[in-house]
Amino acid sequence: MIDRDQLKHNLNAIREKSPLVHNITNYVVMNNTANALLAIGASPVMAHAIEEVEDMVNIASALVINMGTLSPQWVEAMILASKAAIKKGIPIVFDPVGVGATPYRNKVAATIIAECKPTIIRGNASEIMALANDNVKTKGVDSTTSSNTAVNSAKLLAKETNAVVVISGEEDYITDGKTTYKVKNGSKMMPLVTGMGCTATAIVAAYAAIDKDYIRASVSAMATMGIAGEKASSDSNGPGTMQLNFIDALYNFDAYTLTQFAAFQIVEE
Amino acid sequence: MIDRDQLKHNLNAIREKSPLVHNITNYVVMNNTANALLAIGASPVMAHAIEEVEDMVNIASALVINMGTLSPQWVEAMILASKAAIKKGIPIVFDPVGVGATPYRNKVAATIIAECKPTIIRGNASEIMALANDNVKTKGVDSTTSSNTAVNSAKLLAKETNAVVVISGEEDYITDGKTTYKVKNGSKMMPLVTGMGCTATAIVAAYAAIDKDYIRASVSAMATMGIAGEKASSDSNGPGTMQLNFIDALYNFDAYTLTQFAAFQIVEE
Amino acid sequence: MIDRDQLKHNLNAIREKSPLVHNITNYVVMNNTANALLAIGASPVMAHAIEEVEDMVNIASALVINMGTLSPQWVEAMILASKAAIKKGIPIVFDPVGVGATPYRNKVAATIIAECKPTIIRGNASEIMALANDNVKTKGVDSTTSSNTAVNSAKLLAKETNAVVVISGEEDYITDGKTTYKVKNGSKMMPLVTGMGCTATAIVAAYAAIDKDYIRASVSAMATMGIAGEKASSDSNGPGTMQLNFIDALYNFDAYTLTQFAAFQIVEE
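Chains as they are written, first to last, in this note's numbering: chain A, 1 to 269; chain B, 1001 to 1269; chain C, 2001 to 2269.
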């Protein structure tokens, strides 16, 4: 069981070390992702040219691979960057946005898993099930099923890939195939803000940059997301203002609140 | 004359069916467009790789083609996606951002009209006049003239292309070349928020996804935009906060308000 | 010494003439940049296709070259656009985002300086020192040093390039290598909003479009940024809401406030 005080330690570590998180991510969410990383205390950089991704990885502490608006050149950059990240020993967090929606996405996701060897995979329930080759169809980039139905797929995927797998949803699940945690923080308005899942991926990367226990890093991240989401949602009239109140909530987030309100438990061991 | 109750029906239909709207759109507005579609109740997806656009269209209910930050590869994807959309019989909404500003934009817009056969074309007055080959110069992406001066161009364009043409501006005009509607909702602050026109295009697509009467779908969309704009503008200190209050207004929009406050009339039949 | 009334004159000139600013900029900040330019009274356009950048420059009053998310095709467009801008005699404002972080960025920045001959270069302290070949390492896109340590590098760079060089930071410095101004407006929350530096570059371009005294244009711009930042920061709970309150502050900015509160001085002549 994760020591509750470790969550506080992790958040403080992000703020002290301000780890550089290199994002090869989609056009829709770049601005939010950068702002979320700054707000939590990390340092974001976005760079995708094959001419520089390896050098950027070499000054970074974590790498985010997000295939939301993918194209062949970007996938090439993702693979190059990941190989540099593996060599350097920094965590790679993969966000398989929209996998299950088109054959091309399925093919690219399989390639990325094989070549990039992600340390952590974060997706919604449909995406995790699609990756585990369950017969599920993603509706564009939105999930068509609830997170708890994907837990077995996540465990299978974790075993196959040696990655920690994170399902985000009304309840979040984090598993390495053996131990499985559930995090219950969050707000129903979160899926109505575009890119909230992508932000979760980036926040996972920020924690993974400072905590090599990737299950614990992921639990810290998802609890942070959920609690900030609850706060932002209660301050907002809708998903528009929520988007920026969420950034404010991350910025004003104190480590004590995280320790106090993180609602996580082991569901299986 | 459009039955006022049909507007309510249309908005409710978007929320019940949550149609998937596939956007091949510009970098500037992707985030706003996605959030606006989520807020109104639709499901957005952004994808531009030629490797997948046809497959994405095959799970979508409407396609948006927006040439704001165009380049040859993206135009190729737009044409591929449109051909799939024609085959599938789903509406294609074309936003000719900045047409009239450069010869390349003019050429691409002509190609798109010829090859993609858009169901609906939405632009500002300058853009619609440029498409109709009037001798008008667009100032970058902003209109240089008021919407009512472009009505004849819109009618001409509608007849030539068999598309419903929507001019957005202080007053919006919707025409198929025969019947012309005017929608008078809106706020003067709307053109100061970048991409508000692109958002209108996406909202038109959401309505077109659930209402095959494309004039009625467009009137529903422009009234929705205008009323939400009035609400957001009265809540905002400037165009910055307006951008997100507008998303909140779409989210909180009730169908009764739309039926009650939609200010549309036939100006010609 | 800059005449204080000239600042008021400059801001009014932007609002009267609404100069078209053509941006070849990075994906992360496009939306904010466009909104900031609209809010101050200018007219933004984003276009990067080599097929049209020269034509777009030909209707523009200033060009922004920002290498935040660079790739070879975009660099090619930047060079083409700059050559058209030189021919037309409009100012080119270069933002060397992240120079010093990777060899590729260093190489591209050197090429841009050699080929595009920027009129004004705006960067943070690390970036300006990297451009002046000081032995400094940029942390992704964030500065690792304070602005005053970079003043000598800025002067050297200005002499070498014949550009006005602007260092933004807690204090801003503007120099042509001989005369150096310091601007002390601003808020500590500004670096926590992603792309605030890129916004500064765009606002510099808006002023340069209407004032050929590029030191004065840059001082006007940095004072405008700083005062709007102070206002927005005092209205905000964090960097999320600050991002949009800043746009509102630009929009509501009156020329009298600028004249009154601009905190600039000559530090060297």
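Please note: incorrect hints may appear among the correct ones.
To be verified - Straight-line Cα separation of at most 27 Å, DSS-like style, residue types lysine-lysine; simulated pairs:
#, chain 1, residue 1, chain 2, residue 2
1, C, Lys2188, A, Lys17
2, A, Lys107, A, Lys155
3, B, Lys1188, C, Lys2178
4, C, Lys2178, C, Lys2159
5, C, Lys2107, B, Lys1107
6, A, Lys83, C, Lys2107
What the hints assert, rightly or not - Label-pair distances were calculated between CB atoms; the ranges are:
#, chain 1, residue 1, chain 2, residue 2, range
7, A, Glu115, C, Gln2073, 20 to 28 Å
8, B, Ile1059, A, Glu115, 46 to 54 Å
9, A, Asn148, C, Ala2110, 49 to 57 Å
10, A, Asn252, B, Lys1184, 41 to 49 Å
11, B, Gln1260, C, Tyr2256, 37 to 45 Å
Just so you know, these hints were derived from the structure itself, not from any lab.
Virtual Cβ for every residue (Gly too), placed ideally from N, Cα, C.
Right, here's what the structure says about each hint:
A hinted pair counts as satisfied when its Cα atoms are at most 27 Å apart, and Lys2188 of chain C with Lys17 of chain A qualifies at roughly 19 Å. With a C-alpha separation of about 21 Å, the suggested pairing of Lys107 of chain A with Lys155 of chain A holds against the 27 Å cut-off. Restraint check: the Cα-Cα separation between Lys1188 of chain B and Lys2178 of chain C comes to about 45 Å, which exceeds 27 Å; the hinted pair is violated. Proximity of Lys2178 of chain C to Lys2159 of chain C is assessed by CA-CA distance (about 8 Å); at most 27 Å being required, the pair is judged to hold.
Proposed proximity of Lys2107 of chain C and Lys1107 of chain B is contradicted: the alpha carbons are some 35 Å apart, above 27 Å. Note on Lys83 of chain A and Lys2107 of chain C: the hinted pairing holds, with a Cα-Cα distance of about 23 Å set against a maximum of 27 Å. Under the hint 20 to 28 Å, the C-beta atoms of Glu115 of chain A and Gln2073 of chain C, about 25 Å apart, fit the expected range. Separation of Ile1059 of chain B from Glu115 of chain A is about 27 Å and departs from the stated range, judged on CB atoms against 46 to 54 Å.
Hint check: Asn148 of chain A to Ala2110 of chain C, Cβ distance near 55 Å, so the stated range 49 to 57 Å holds. Remark: the range hint 41 to 49 Å for Asn252 of chain A to Lys1184 of chain B is upheld by a beta-carbon distance near 42 Å. Range check, Gln1260 of chain B to Tyr2256 of chain C: Cβ separation about 42 Å, and the 37 to 45 Å hint holds.
Against the hints set out earlier in the document, violations occur for numbers 3, 5 and 8.
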